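Student: Sequence:
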Amino acid sequence: MNPAPANRSVHPGDRVYRVHWVLGTDRLRAVCHCSAEREFEDPVQLWEWLLSHPDGHVAPQSTSDSGATGTPERGVRTA
1 MNPAPANRSV HPGDRVYRVH WVLGTDRLRA VCHCSAEREF EDPVQLWEWL
51 LSHPDGHVAP QSTSDSGATG TPERGVRTA
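Under the UniProt record's numbering, the first residue of the sequence shown is numbered 1, with each subsequent residue one higher.
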């Protein structure tokens, strides 16, 4: 296996999708390239939601308005 060149970007392109496992649960958190986030139990529904952009995608609001509980997982942008 060849290591990636040092000057190459890790995530090239304008559409990067992220899927994070929510620690201690059976849930997955999807993060769209538009910064919208949503949690799922079913990976098929997760990918249908991600790939249906922009249908159903709402960018996260400030932490005081979002109604989110707990702290964001490491590596997840919260805009």
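Hints are supplied without guarantee of correctness; some may be wrong.
[Stated by the list, open to error] Beta-carbon label-pair distances, calculated as ranges:
(1) G24 with D55: 12 to 20 Å
(2) V58 with R27: 13 to 21 Å
(3) V19 with P54: 27 to 35 Å
(4) P54 with G24: 27 to 35 Å
Think of the hints as simulated: they come from the structure by calculation, not from any bench. Note that the structure is predicted; figures quoted are calculated from it, not measured. In this text, a Cβ means the ideal position worked out from N, Cα and C, and glycines have one as well.
Student: Next, verify each hint and record whether it holds.
Tutor: Now the hints, each set against the structure:
{"no.": "1", "hint": "G24 with D55: 12 to 20 Å", "in the structure": "violated, 30 Å"}
{"no.": "2", "hint": "V58 with R27: 13 to 21 Å", "in the structure": "holds, 19 Å"}
{"no.": "3", "hint": "V19 with P54: 27 to 35 Å", "in the structure": "violated, 18 Å"}
{"no.": "4", "hint": "P54 with G24: 27 to 35 Å", "in the structure": "holds, 31 Å"}
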